[in-house]
Amino acid sequence: MAAVSYKNIGKSFDNGAPAVTDFNLDIKDGELMVLVGPSGCGKSTLLRILAGLETASQGEILIAGEVVNDKTAQQRNVAMVFQNYALYPHMTVRRNIEFPLKMMRLAKAEIKRRVDATAKLLELDMMLERKPKQLSGGQRQRVAMGRAMVREPAVFLMDEPLSNLDAKLRVQIRAEISALQRRMNTTTLYVTHDQVEAMTLGGRVAVINQGCLQQVADPQALYEQPANIFVAGFIGNPGMNVFKTELHSEHDQLTIRWGQQQLSLSLDVKRKEALQRYICKPIFAGLRPEAISCEDTQNVDATITVKVESIEALGHEYLLYFKSDVVAVDTDRFLSDGEITMRSIMVARLAGRVDAKAGEKIELGLMLKQLYFFDEGGMAVL
Amino acid sequence: MRRRWLINISIYISLLLLALCFLAPIVLMVVGSLKPDAKVLIEAGSLKAVLPDQLSLQNYSDVFTRVDFMRYLLNSLLISGSIVVVGLAVNSLAGYAFARMQWRGRDLMFALVLMIMIVPLEAIAVPLFYEVTLLGWRDTYIVQIVPFIANAFSICLFYTFFLGLPRELEEAARIDGAGVFRTFVSIIVPNAKPVFATVAILTFLMQWGAFLWPLMVTSGEAVRPLPLGIAAFYTLPPLQWGDIFAFGVMMVAPILILFLLFQRWFVRGVAATGIKG
Amino acid sequence: MRSHPTAWLFAAPALFGLLAFVALPFVLAIGLAFTNLRLGSPLPTEFVGLEQFRRIFADDAFLRALLNNTSFALVVVPLQTGLALLLALLLNRRLAGMTWFRTLFFMPVVFPLSLVAVVWVLIFAPGANGMMNAMLEVVTFGIWMPRDFLHDPVLALPAIMLTSIWQGMGFQMVIILAGLQAIPHELYEAAAIDGASRWRQLVHVTLPQLRNTLIFVVLVTTILSFRLFDQVQIMTQGGPHNATTTAMYEAVQAAFSRQQVAKGSAITVVLFVIVLLIAWLQRRLLRQEREIV
Ligand SMILES: Nc1ncnc2c1ncn2[C@@H]1O[C@H](COP(=O)(O)OP(=O)(O)OP(=O)(O)O)[C@@H](O)[C@H]1O
Ligand SMILES: [Mg+2]
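Line order of the protein sequences matches chains V, G and C.
Those letters in the first sequence? Residues 1 to 382, by our numbering.
Those letters in the second sequence? Residues 1 to 277, by our numbering.
Those letters in the third sequence? Residues 1 to 293, by our numbering.
One thing to keep in mind: the hints can contain errors.
Here are the simulated DMTMM-like cross-link-like pairs (lysine to aspartate or glutamate), alpha carbons at most 25 Å apart as the crow flies [said to hold, decoys possible]: (1) V:K71 - G:E131; (2) V:K323 - V:D375; (3) G:K193 - V:E129; (4) V:K131 - G:E171; (5) V:K71 - V:D29; (6) V:K369 - V:E246; (7) V:K168 - V:E110; (8) V:K28 - V:D218; (9) V:K7 - G:E171; (10) V:K7 - V:E246; (11) V:K108 - V:D125; (12) V:K270 - V:E224; (13) V:K133 - G:E171; (14) G:K39 - C:D60; (15) V:K361 - V:E376; (16) G:K39 - C:E137; (17) V:K102 - G:E171; (18) V:K71 - G:E168; (19) V:K307 - V:D325; (20) V:K102 - V:D125; (21) V:K131 - G:E168; (22) V:K102 - G:E221; (23) V:K133 - G:E168.
Some chain G residues well away from chain C (every beta-carbon gap over 10 Å; in silico) [unchecked claim]: (24) D68; (25) L73; (26) N91; (27) R106; (28) A111; (29) Y141; (30) L169; (31) V180; (32) K193; (33) G220.
Think of the hints as simulated: they come from the structure by calculation, not from any bench.
Small disclaimer: the values here were computed from a predicted structure and weren't measured.
Cβ coordinates follow ideal geometry from the N, Cα and C atoms, glycine included.
One chain only, chain V, in its complex shape (with noise of 0.2 Å):
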């Protein structure tokens, strides 16, 4: 059991390019931290420089309040499941389970009892004798995990543990792993990049791109209260629609331009005045699929016309994608550089059936009361 603390964490490799970049991340006793973003934006590298398998070039890793980046992988406590689960392919699931027991030189008896008890807990008893290459894929991931749990480490590290198995297992041994979290109440890192594998594990997430920490937060709040432009363009499925616009005022009624349209909006009164000192200033605006819709319901309160790219049947809902007069902001490479790439294509996501055609023009309705602002730095306006 034990807190652990990210100061200001910095890492480089050889060849130059920072992977990580002033990270600052506490988590708490028995907390389960979900680090998620895109490919290669630094989550495997922060776990790594947690289980002393690299050192940081700037900052401190602090486990149970103490610094540890001169201890050794071994003396830290930690445990972890690999990807590809890394069990020793010429020991059989026991032996694999009680190795690292055995480095702590545990009594034989005591070594014997808490592997039982792992495996049986994992529903392993019986093919304790079984070589690693005999096992399923899901079987393996279990061997990982009873490997990781059997020393009772101070913190528990996950690198995607669940990637190499198929979509239904992928659901099924994440409901367990979350109930195996609460139930041991041991801090614990999971690394993913599938957003919808984060919100669902029940603990905190932090997004992480290009080695930089964009927010944390429980999967609500990610939702609902996007600290920046990434953040909201990541979260959601499919994320948030995000485009340049300007912001005006007309007789104390704030409008957005929408092409040639200028959509009055209705806010309350705190976030007009958040928007005061951006009046008549470029900003962006953003919209989440789920707040268009093609019915015109009552919490729509403008309609545009937009012209259809294609037609996404997911069977209880469909996707819509269609361009519009506003030009969209890619928000997955909206930090990267600082410049805006723009791609035009906005998504929508529909409950009921659509009758249209790519290339056709159609009428859809927006719910502005769900309108998000981002300053040009790309962070939230609340």
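Add chains G and C with the ligands to chain V, keeping to what the hints say.
Then chains G and C with the ligands, alone, in the frame of chain V:
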């Protein structure tokens, strides 16, 4: 269909003919070792060379009475065995250090190893002889073992193999609390059996036949290995071919048995030398 | 990963061995070659510059040795490689019993050269009773007159060549076989679909794909040709009249029979330069290949 059949038959016939040529010297040796000495030379040109009319083990017992065969055999086993066993340990550790550890001077040292790989023993035999003379090592086992333990080629074979092992295995072991040495022994070595077998066999093959170096650095029989034994026996009057062949059969028997048991590994080991090209 | 304190410990024994028993003697070889060191000689050892090299290149026996090494390479390398390639191609077909043949052809490789040499001395025994003489007589329908191969100035070197081919062919064959098996099967399928005959497949697919393997095999055998020693020592002792002497045999003679360590060193330096040139050639040829691909 018919043409195919003809082709296959002709392949078999040519292979058989060649095989006969390749087998003849071996058969000559084995059969010769079982014949009375006088008959070996006389019958070498006739069919009786391979189809003898009388057989005996007399030559084998003669070998033991005429020279100290056991001494040569034990010397060879001791020398080759030590080089293989100690060499495996020393070279695999070095290969691992080059493949997986960071240390000052690593790249420089590795360049040196690569360069040393092309230096044949023959090119340094004379100064090496001078060096061991200065060390006072002449006529010992040490002089036949120690210089050949470290082997650049073996290091390279280990290096290549270790590079291909998944890094996560070692990282998992480190996190599980194993030290560097423990990781090497418990995790790396068991997963590197093929390369250990390859190196062991290649080394043994080379050392069992070593001739030039022992000839240079030894003079008495006490520490000389089998290849010098057969050369000496061959010049020991009276020239008795039956005895010589009996010696030869006993000399090649250990390695031939090894070969027939671990054929696959021998062939793989030799093929591995080609891969490095 | 930070620098491991144990890394040096891991590498040290091997590095020490290589430095002490390869690198040091190698440096010593170069050093000694420029002196007049002679074991047991009352003269003081002194630096003599290129004198040793001048001497060995004025020495008929050494020149003959280099010539012998070269002719050995010129005959053995193509013959042995050709035979090994042929056998590998035959054995690469999926026919019953091929592993048996492979075992058989490979067997001589495990025979120590000293033993091989002794056995072949008997094969080359003089007189009509000698195996080789008898066989040649049968093959030529009695025209062949028995010869004493190993004491014949013309036939002694070819006799050693044959011995070496017998022992070394299996080694090359296995390497080539491994090369053949590494050729992707799709290439043959593609060629077959394009209507290439077996022969054309060999010329346009197999041989180009085998290029690197063949270069390796050829150059290794060439290097081995310049290291020739064991067979000569046992079968002919360099004779008759230096007809079978080799560079290595001369070096050993100089250093041991005549205690001329400096001269022996000079010869080994020359030998090393030759090996280095061949190895350099190999690098060049292989690099060229990579650029083409
Ligand atoms: N050993 C290394 N040497 C050099 N660069 C590296 C090394 N390891 C990682 N990097 C670089 O550091 C960056 C972060 O890599 P990291 O493995 O942490 O990404 P990740 O977020 O785990 O990605 P993924 O989801 O694909 O696993 C990448 O740009 C990568 O190229
Ligand atoms: Mg990763």
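Structure-based check of all given hints:
This hinted pair does not check out: V:K71 and G:E131 have alpha carbons roughly 46 Å apart, beyond 25 Å. Distance check on the hinted pair: V:K323 and V:D375 sit about 23 Å apart at the alpha-carbon level, within 25 Å; holds. A distance of roughly 21 Å separates the Cα atoms of G:K193 and V:E129; the hinted pair therefore holds under the 25 Å criterion. Of the pairs offered as hints, the one joining V:K131 and G:E171 holds, with about 20 Å between alpha carbons and a cut-off of 25 Å not exceeded.
For the hint linking V:K71 to V:D29, the alpha-carbon distance of about 20 Å falls within 25 Å, and the restraint holds. Between the alpha carbons of V:K369 and V:E246 the distance comes to roughly 17 Å, so the proposed pair stays at or under 25 Å and holds. For the suggested pair V:K168 and V:E110, the alpha carbons sit about 36 Å apart, so the restraint of at most 25 Å is broken. The suggested pairing of V:K28 with V:D218 holds, with an alpha-carbon distance near 14 Å, which does not exceed 25 Å.
The suggested pairing of V:K7 with G:E171 holds, with an alpha-carbon distance near 24 Å, which does not exceed 25 Å. At roughly 39 Å between alpha-carbon atoms, V:K7 and V:E246 are farther apart than 25 Å, so this suggested pair is violated. For the hint linking V:K108 to V:D125, the alpha-carbon distance of about 18 Å falls within 25 Å, and the restraint holds. For the given pair, V:K270 sits about 17 Å from V:E224 by alpha-carbon distance, which is consistent with the 25 Å threshold.
Distance hint between V:K133 and G:E171 is fulfilled; the C-alpha atoms sit about 20 Å from each other, no more than 25 Å. For the given pair, G:K39 sits about 42 Å from C:D60 by alpha-carbon distance, which is inconsistent with the 25 Å threshold. At most 25 Å may separate the alpha-carbon atoms for a hinted pair to count; V:K361 and V:E376 exceed this at roughly 31 Å. Among the hinted pairs, G:K39 with C:E137 is consistent with the structure: their alpha-carbon atoms are about 20 Å apart, no more than 25 Å.
For the hint pairing V:K102 with G:E171, the CA-to-CA distance comes to about 17 Å; that is within 25 Å, so the pair holds. Between V:K71 and G:E168 the alpha-carbon distance is near 19 Å, which keeps this suggested pair within the 25 Å criterion. A C-alpha spacing of about 9 Å is found between V:K307 and V:D325, which places the hinted pair at or below 25 Å, so the restraint holds. A threshold of 25 Å between alpha carbons decides the hint, and for V:K102 with V:D125 the separation of about 19 Å falls inside it, so the pair holds.
Pair hint V:K131 plus G:E168 holds up; C-alpha atoms about 18 Å apart against a cutoff of 25 Å. Note on V:K102 and G:E221: the hinted pairing is violated, with a Cα-Cα distance of about 51 Å set against a maximum of 25 Å. Restraint check for V:K133 and G:E168: the C-alpha separation of about 17 Å stays at or below 25 Å, so the hint holds. Residue placement check: G:D68 keeps its beta carbon more than 10 Å from all beta carbons of chain C (closest about 17 Å).
The claim that G:L73 lies off the interface holds: its Cβ sits roughly 13 Å from the closest Cβ of chain C, which is beyond the 10 Å cut-off. Residue-level check failed: G:N91 sits 6 Å from the nearest beta carbon of chain C, not beyond 10 Å. Not every beta carbon of chain C lies more than 10 Å from that of G:R106, the smallest distance being close to 7 Å; the non-interface claim is violated. Taking the minimum C-beta to C-beta distance to chain C, about 12 Å, the non-interface status of G:A111 holds against the 10 Å cut.
Distance check on G:Y141: its Cβ is at least 15 Å (rounded) from any Cβ of chain C, clearing the 10 Å threshold; non-interface status holds. The beta carbon of G:L169 is kept farther than 10 Å from every beta carbon of chain C, the shortest such distance being approximately 15 Å. Its closest Cβ contact with chain C, about 5 Å, brings G:V180 to no more than 10 Å, contrary to its assignment away from the interface. G:K193, annotated as away from the interface, keeps every beta carbon of chain C farther than 10 Å; the closest lies near 19 Å.
In this structure G:G220 is separated from chain C by more than 10 Å, as the shortest Cβ-Cβ distance comes to about 15 Å.
Of the hints listed earlier, those the structure fails to meet are numbers 1, 7, 10, 14, 15, 22, 26, 27, 31, in rising order.
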